[in-house]
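Student: In this text, residue positions in the sequence shown follow our numbering: the first is 1269, and each later residue adds one.
Wrong hints could be hidden among the right ones.
Beta-carbon label-pair distances, calculated as ranges [what the hints assert, rightly or not]:
#	residue 1	residue 2	range
1	Asp-1297	Cys-1317	25 to 31 angstroms
2	Val-1341	Thr-1319	14 to 20 angstroms
3	Gly-1295	Ala-1334	16 to 22 angstroms
4	Ala-1276	Ala-1318	28 to 34 angstroms
5	Lys-1327	Ala-1276	38 to 44 angstroms
6	Ala-1336	Leu-1287	31 to 37 angstroms
7	Leu-1274	Ala-1308	18 to 24 angstroms
8	Ile-1316	Ala-1336	17 to 23 angstroms
9	Lys-1279	Thr-1319	35 to 41 angstroms
10	Met-1347	Ala-1305	37 to 43 angstroms
11	Gly-1278	His-1332	16 to 22 angstroms
Calculated directly from the structure, the hints in this document are not laboratory data.
The model shown is predicted, which means the values in this text are computed figures rather than measured ones.
Just so it is clear, CB atoms sit at the ideal spot from N, CA and C, and this is done for glycine as well.
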Amino acid sequence: MPVGSLVAKGKVELGFQQLSELVHEPGIDIIGMLPAAIQAATVFSAAICATSERQEAAKAFLNHLASADGDQVKIAHGMAPV
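Given only the sequences and the hints, what does the whole structure look like? Please build it.
Tutor: See the structure below:
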């Protein structure tokens, strides 16, 4: 069971989980991020397969992810654009 759900149901008083997995969990209060010294960042990468039949669509999607609009979507879902 996800940590946020355990907190929301009162089964635990405090939990630690990736922010992107907590931001949409009803019934919890997010009190902040872990200190930088103990914070573990997850970095996502993307690539297009050379044999993809929809390379242009994939490029458009990756361009969107790298755009200011894509950054706003990431922020809304608890992720930090780089």
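Student: In ascending order, which of the hints set out earlier in this document are inconsistent with the structure?
Tutor: 1, 2, 3, 4, 6, 9, 10 and 11
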